[in-house]
Amino acid sequence: MPEFAVREPSAHARVIDITGDITAASEDQLMDAYTRASGDGVRSIVLNFGGLDYMNSGGIGLLVTLLVRAHRKGQQMLAFGLSDHYRQIFELTRLDEAVGIHADEPEALAQTFS
Amino acid sequence: MDTDFPFDAVVAEFQRVGKHFVRPAILAALAAERETASPELATFLDFTLDKYDGRYDNPSYIAVDLLPLGGTREQLDRLVAILVADVLRRELTHGDDERLVAKRCRLGLRVLGRGDDPLAACAAVEREFDDAEAERVRRLTVLPVSLVHDEYMFIRMLQCYEATFAFIAVKLREAIDAPDCAAEAIGEAEQAMLAARPLWSMVATMRAAHFLEFREFTDGASAIQSRNYKLVESLCARPSEARLDSPAYRSVPEVRERVLAGQASLADIEHDAAARAAMERFESALAHWRNSHYKLAVKMLGERRGTGDTEGVPYLNRVRSLPVFASADAA
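Protein sequence lines correspond, in order, to chains L and P.
Just so you know, we're using numbering that gives the first Met the number 0 here: the first sequence kicks off at 0 and counts up by one.
Just so you know, we're using numbering that gives the first Met the number 0 here: the second sequence kicks off at 0 and counts up by one.
Just so you know, not all the hints are guaranteed correct.
Label pairs and their in silico Cβ distance ranges [said to hold, decoys possible]: (1) Gly40/L x Thr35/P: 18 to 28 Å; (2) Ala24/L x Asp52/P: 45 to 55 Å; (3) Phe112/L x Arg54/P: 35 to 45 Å; (4) Gln74/P x Ala24/L: 42 to 52 Å; (5) Ala41/P x Gly40/L: 44 to 54 Å; (6) His287/P x Gln110/L: 53 to 63 Å.
Derived by calculation from the structure, the hints in this document are not laboratory data.
Small disclaimer: the values here were computed from a predicted structure and weren't measured.
Where a beta carbon is used, it is the ideal one built from N, C-alpha and C, also for glycine.
When you get a sec, could you build the whole thing from the sequences and use the hints?
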């Protein structure tokens, strides 16, 4: 069972800590986490993939959905904690061109909108 | 264009699963985005959402509204070069049959006329046309409905023909508006038709099994709905009332309305000998195109019905004998 915990490192940024798998079956939970994360004034959504066990094709589709929803709200999307394998997946699916990928949380937070 | 929008990720997702199979949540997110999108972004989103909206047809399948159509011959050649080079690039990177890739590259190089090295030719086209418009055509105008390999080439070829007919329509209008220069304008239309001829050799490499597989998901879109082909046909001569009432014209209401509003055609005008000779040559070139289309349909479809609620091969067989410049009553 995946978990998507939301943290508030600053007034304008939220971190979603991903634990477990992201598949099509995670849709409701991930979208719910995004809704909780993107309250008033939030300009940056940071995805923490450090606890990711597995992501399949359906999971990629969920991330594209998140990207479009974040764009509509004028939010930037960043990520950290991706393994080499999933970094490659991000490149293949062009997600890396829309999601700022960083090595760790401090680096990602340093790039968030203020 | 809205540079912040994740175009590449969206296109990659559509191409990864096929437009017919995109997740409903993505489509809903794109539809919500469209509500407040700029006109340019909205045009792209319309292209992604045609099936979602229930208005999927040939123009939306081939992204007509995103293509730079109807300009000069130089602009037509440029667009065809970009589209054909993109097909070759796709074949070289995703081709699933070595011999077929080599054949398509050979035929594509014939269209491009840029040496005998497909990679070098692609790179040359990409270098020569590296502006924002060319980039938009390459990145945003091909969303196959399936993952069947040959569909990508099929869409690009349909776009080449649509661009050719859009250019021809411009020239035929010139001929109608300025009868003194009609021979020259019709001659340019004929030359464009002849230049598009080698494209048939590329389309003919499409595997029937692939075509039959992806047409399962293109139902509702048919070449019969080509706006610019109908425009060309109606600029040559006013279609008969029966043809205007057929699905062929009902599916292109903007063209049908122009005809009903009294659009002039070449058949309505007295021409000098030079113009008449040019019209004969154009008619011959168009007849060749119709025959090629018919033969390809026979190869791909056999006796099956066409998409877009047409009879398929019998329809193409019948319309290929329609006189190009005959008056409405005769046609």
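Results of checking the hints against the structure:
Between Gly40/L and Thr35/P the C-beta distance comes to about 19 Å, which sits within the given range of 18 to 28 Å. A hinted range of 45 to 55 Å is violated for the C-beta pair Ala24/L and Asp52/P, which are about 28 Å apart. Here the CB-CB span from Phe112/L to Arg54/P is close to 37 Å, well matched to the stated 35 to 45 Å. Judged by the Cβ atoms, the range 42 to 52 Å given for Gln74/P and Ala24/L holds: they are separated by roughly 49 Å.
A C-beta distance of roughly 27 Å is found between Ala41/P and Gly40/L, which places it outside the suggested range of 44 to 54 Å. The beta-carbon spacing between His287/P and Gln110/L, approximately 59 Å, falls within the hinted interval of 53 to 63 Å.
Checked against the numbered hints above, the structure violates hints 2, 5; every other hint is satisfied.
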